[in-house]
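Could you slot chain G with the ligands onto chain V? The hints should help.
Respectively, the protein sequence lines represent chains V and G. Mapping to this note's numbering: the first sequence position 106 is 106, numbers consecutive. Mapping to this note's numbering: the second sequence position 350 is 350, numbers consecutive.
Keep in mind that the hints are not guaranteed to be accurate.
[To be verified] Result set (DSS-like, lysine-lysine): computed pairs, CA atoms no more than 27 Å apart in a straight line:
hint, chain 1, residue 1, chain 2, residue 2
1, G, Lys393, G, Lys369
2, V, Lys99, G, Lys128
3, G, Lys128, V, Lys98
4, V, Lys99, V, Lys152
5, G, Lys206, G, Lys129
6, V, Lys8, V, Lys29
7, G, Lys527, G, Lys494
8, G, Lys129, V, Lys98
9, V, Lys7, V, Lys75
Honestly, the hints are just simulated from the structure, not real lab data.
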Amino acid sequence: MISEELKKSLAERVAGAITPREATVDVMKELQAHYGWLTDEAVGEAASLLGLSPLQVEELATFYEMIYRRPVGKKVIHVCDSISCWCADCDGIIAHLKKRLGVELGGTTADGMYTLLPCACMGRCGDSPAMSVGGTPYGHLTPHLVDEILEKERRA
Amino acid sequence: MPKLIIDDIPVEVPPGTSVLEAARSVGITIPHFCYHPALAIAAACRLCAVKLLDGPVKGIQMSCSLPAQDGMVVSTTDPDALKMRSLVIEWLMLNHPHDCPVCDEGGECLLQDFTIAGGHSRRRYVGKKRTFQNQYLGERIHHEMNRCIECYRCVRFYQEYAGGTDFGVTGSAGRVYFGRFAEGALESPFSGNLVDICPTGVFTDKTGRFRARYWDYEFAPAVCQHCSVGCNTSPQNFQRELIKIVARRNDQVNGWFICDRGRFDKEYLNSPQRPRDPEIGGAPGEYRLALEAAANRISEFCLQNGAASLAFVGSGRLSLEGCLVLAELARVVGAPFCYFTESAAAQGSLAAVRLLNEQNAARVRDIEKAECIALFELDLMEEGAMLSLAIRKASLAGAQVFRVGGAREGEKHPLPFRYQEVATVDEVPFEGGSKGVVICGAGGKSPELLSYLASSGAKLVMLQPGPNAFGAALVSLERKGATLSDLVESGQIKAVVCFEADLPPWLLERVEVLACADWKRGGLTEKASVLLPTTTWVESNGTSINYEGRAQRFLRSRPAGLPLKGLDPKYYSSETEAVALHPPRVHRNYIPGGAEREAWRVMADLMLELGGEPVNEPLTGRWGKLRDLDPEGEGVRIYDLVSAQDLS
Ligand code: SF4
Ligand code: SF4
Ligand code: FES
Ligand code: FES
Numbered sequence: 001m002i003s004e005e006l007k008k009s010l011a012e013r014v015a016g017a018i019t020p021r022e023a024t025v026d027v028m029k030e031l032q033a034h035y036g037w038l039t040d041e042a043v044g045e046a047a048s049l050l051g052l053s054p055l056q057v058e059e060l061a062t063f064y065e066m067i068y069r070r071p072v073g074k075k076v077i078h079v080c081d082s083i084s085c086w087c088a089d090c091d092g093i094i095a096h097l098k099k100r101l102g103v104e105l106g107g108t109t110a111d112g113m114y115t116l117l118p119c120a121c122m123g124r125c126g127d128s129p130a131m132s133v134g135g136t137p138y139g140h141l142t143p144h145l146v147d148e149i150l151e152k153e154r155r156a
Numbered sequence: 001m002p003k004l005i006i007d008d009i010p011v012e013v014p015p016g017t018s019v020l021e022a023a024r025s026v027g028i029t030i031p032h033f034c035y036h037p038a039l040a041i042a043a044a045c046r047l048c049a050v051k052l053l054d055g056p057v058k059g060i061q062m063s064c065s066l067p068a069q070d071g072m073v074v075s076t077t078d079p080d081a082l083k084m085r086s087l088v089i090e091w092l093m094l095n096h097p098h099d100c101p102v103c104d105e106g107g108e109c110l111l112q113d114f115t116i117a118g119g120h121s122r123r124r125y126v127g128k129k130r131t132f133q134n135q136y137l138g139e140r141i142h143h144e145m146n147r148c149i150e151c152y153r154c155v156r157f158y159q160e161y162a163g164g165t166d167f168g169v170t171g172s173a174g175r176v177y178f179g180r181f182a183e184g185a186l187e188s189p190f191s192g193n194l195v196d197i198c199p200t201g202v203f204t205d206k207t208g209r210f211r212a213r214y215w216d217y218e219f220a221p222a223v224c225q226h227c228s229v230g231c232n233t234s235p236q237n238f239q240r241e242l243i244k245i246v247a248r249r250n251d252q253v254n255g256w257f258i259c260d261r262g263r264f265d266k267e268y269l270n271s272p273q274r275p276r277d278p279e280i281g282g283a284p285g286e287y288r289l290a291l292e293a294a295a296n297r298i299s300e301f302c303l304q305n306g307a308a309s310l311a312f313v314g315s316g317r318l319s320l321e322g323c324l325v326l327a328e329l330a331r332v333v334g335a336p337f338c339y340f341t342e343s344a345a346a347q348g349s350l351a352a353v354r355l356l357n358e359q360n361a362a363r364v365r366d367i368e369k370a371e372c373i374a375l376f377e378l379d380l381m382e383e384g385a386m387l388s389l390a391i392r393k394a395s396l397a398g399a400q401v402f403r404v405g406g407a408r409e410g411e412k413h414p415l416p417f418r419y420q421e422v423a424t425v426d427e428v429p430f431e432g433g434s435k436g437v438v439i440c441g442a443g444g445k446s447p448e449l450l451s452y453l454a455s456s457g458a459k460l461v462m463l464q465p466g467p468n469a470f471g472a473a474l475v476s477l478e479r480k481g482a483t484l485s486d487l488v489e490s491g492q493i494k495a496v497v498c499f500e501a502d503l504p505p506w507l508l509e510r511v512e513v514l515a516c517a518d519w520k521r522g523g524l525t526e527k528a529s530v531l532l533p534t535t536t537w538v539e540s541n542g543t544s545i546n547y548e549g550r551a552q553r554f555l556r557s558r559p560a561g562l563p564l565k566g567l568d569p570k571y572y573s574s575e576t577e578a579v580a581l582h583p584p585r586v587h588r589n590y591i592p593g594g595a596e597r598e599a600w601r602v603m604a605d606l607m608l609e610l611g612g613e614p615v616n617e618p619l620t621g622r623w624g625k626l627r628d629l630d631p632e633g634e635g636v637r638i639y640d641l642v643s644a645q646d647l648s
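The shape of chain V in the complex, shown without the other chains (with noise of 0.2 Å):
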C-alpha cells in the first residue's frame, strides 16, 4: 500500500506528461523506492496510475535493469561486464566481488547488505572496469579499491 500522499504526487506526476507510457520509469522508480523492490503490488499500483495494465508495466519493468522486480539488498551493486571492462579484465574484479561478499550473480548477502548484478555498458568505458554501488559510480577498479568501497558504503 501507498500513502494517499505518494499516490496524489505520482499522480500528477502523470498528469504532467504527453503519454502516460512515458511517465512509467519514474513511476516506478518511486515505487521501488517506497517498497525497496518492485513488488507485484507495486506494479498493479503503477498500471492503474498509468492507465496501462499490469502487463505493459511489466514490459517496460522487466526492461529496465536498474528497476528490481525481486527483493534486492540495501544497496545494489551494478558491476559491468561489457566489452571494455571485460578487456580491462572485470572478470577478476566480478570474482573479487563474489568471493568477498560470499554470493554468485544474482545473489544478496546474508547481512541483506548487497546484491551483486553484472550489467551492460554504463558508459564509463574510459574508466574501466567499472561498476555502481547503490546508485554510484565507480571506475579503474582493482581488487584493493573494491574493498574499500564495500566499506565505505556498507558505512555510508
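Coordinates of chain G with the ligands only, in the frame set by chain V:
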C-alpha cells in the same frame, strides 16, 4: 513510381513499397520472419538480407525495411546475401529445441521452411540452450516458449493490431519472453490469431493438437457462418472431423485474421448429437422413404386445409441456393414461404437491404479510412467482431469514434479502440458525410430508424442477424416472401415445413411441423413428424451474402458422415475391431452417418416427390451470374444484379 532491378528482373512498384514486397510482386520470396504484410515493420529477425549491387544504397541490407528506390540493383542470390541469411538462421536456431516431431506446427511451420530455404541444415552449436517456463494461456492456446525466435509478430498483432493488453513481451536480451503477467486465459477475442501469425510452434491450437499433420488435412475455401461479416476461413478436416479452422486472406473482408468465435466455435460440426439419419415419426429410416413421407404429409395436409395454411420456412442460415430453391418449392405447392420468423427482425433486415446500394454500403476499406464513425446501439463484438479491428485502424489514424446509446446488455468484450459516448446520432459531427460511417445492427430496427440513420449521408454498415440474412432478405423481397409471425397471427397458417429455421417457442407452439430439415437438433426437429438431416457448411457448397452485399462462395471440405473418431462400434465387424481411430475393416458403399444432403438438394428432392420439375442448378435468373464466383477471390457485391424496383 520507383523502378528497380531484382535478380535481373525490372520491377516498378508504388512509392513506399519495400524491396521484399517488390521482390514478392515478381514471384521472388525472400526468407523472412518478422515481416508480415498486416503489421508494422520491426526488422527484428535480420533474415531478409539481400545485396544491393548498384544504386542509392549498396551492400547487404534488410529488404523488409528498405523502401524500393529508383536505380536499385538488387541480388537475392548473391553469395554474401546467402551467407548472411544462412548465418542468421543458424543463430536463430541456436536455442530452438529441434522438437519438430512432437510439435503441432510441424509441416505448417515457417521456421522449418525458411531454415531450409535459408541454407542452414547442419547444427554446429554444442552449448546449452536457453529454456523458459511456459504459461497456461487458457483452454484454446498452448504455449511453448522454447521455440520462440523473437520475431515480435505475436505482440505486434496482439497489442498494436488487435488492441489487447494482457499479452506482450517482457525481459530483455536473451531473456525476452512472450506471455502474460500471470498465467490465465488470453482475454482478447482475437487471441487465436497468435496460432496463425507465430512463424513457429510457440502458440498452437489446443483444441486440435496432435491429431493430424498438415498433409493429412482436407481443406477448402470456406466462409465463416457465425455472423454476417463473412470472414474467409480454411477448415482443416481429418477423417471427417473438423480439427482446426484457420484464417484465409481476403483484403475486402477480414484481411489476414478472424475472431476467436470463427476459429474455435466448431464443436457443433463434429457433435455426435447432430442428426445424421432421417427420421419418420421418430424412427430412423432411409432418406428416400423420409422424402416420400414428407411429401405425403404435405399433400394430405394441403388436401384437407388448403395450401394457403401451410408455410415453407427458411432462415438466414440457408445459403443463397437454399433461399432460391425454397421459393421454387413453395411455388410447386402453392404455399407461402418465409425467411424470417418474427416481424421485428424481418423489418430491419429487409429495410437494410432496400436502403443499401453500391454507393452507400461501406466497404471495410471505408471503415479503415473513415474520419468519423458512429456505433449505433449494437454489441459489435458479438454481431461483427472483425469490424472492430477496422475501426481500430481508423481510430489510430485519427478518426473520431462515437458510441450512440451506450453498451448493450451482456457485452463480453470491451471495444478495442477509444470512443466517446453520445446520447443520439444527431450529436455525431458528420461533416459533409464523405468520410463518415454509421455502424448498426439491422435486425429488430424499425425501417424509419434505419432510413433516418441513412439520411446522415455517412456510409452505412447494417449488420444482419445471420450469415446469409442479407441473401435471405434479398430473395424475400425479390420473390415476395412473407414473415411467419404475420401469417400465424392472422390465423392463416396451421403447419410449417422448415429448412434450417429457428422458431421462437411461442410460434412453435402454434403450428404443426410436417417436416424439418436441419443439421442441428432443437424444438423444431423434436416436433417434426419427418426429420431430414442436412449438411453444414463444411460439407456443402454454397453462396452467402454478407452485411455489405458481398456474395462469397464456399466449398465443401469434407464428405458428409460421422467422424471416424468416436465412431459407433456397430459400424465395425466386432467389438475388438472397434479400436480408436482406425477405419472399420468392413466394405461398404456408403459412409456411416453420411445420409445428410445440402438443404437446397433436399428441397429439390421434395419438389420432385411433389410433382415439380427437377432442379439441377439452384442459381437461376439474375443469380446465374454468380455461378462462376471464385471461392478464392474477394467475392462480388451484388448491387448490379438487383435494381431498386426488384426490391420495392
Ligand atoms: S512467440 Fe512466435 S510470434 Fe512471438 S516472437 Fe516468438 S516466434 Fe515470434
Ligand atoms: S467476425 Fe463473424 S464472420 Fe468473422 S470470424 Fe468472427 S464470427 Fe466469423
Ligand atoms: S564497457 Fe563497461 S562501462 Fe562501457
Ligand atoms: S523480415 Fe526483415 S528483418 Fe525480419
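Hint by hint, here is what the structure shows:
no. : hint                : result
1   : G/Lys393 x G/Lys369 : 8 Å, holds
2   : V/Lys99 x G/Lys128  : 26 Å, holds
3   : G/Lys128 x V/Lys98  : 23 Å, holds
4   : V/Lys99 x V/Lys152  : 18 Å, holds
5   : G/Lys206 x G/Lys129 : 26 Å, holds
6   : V/Lys8 x V/Lys29    : 15 Å, holds
7   : G/Lys527 x G/Lys494 : 14 Å, holds
8   : G/Lys129 x V/Lys98  : 25 Å, holds
9   : V/Lys7 x V/Lys75    : 25 Å, holds
Checked against the numbered hints above, the structure breaks none of them.
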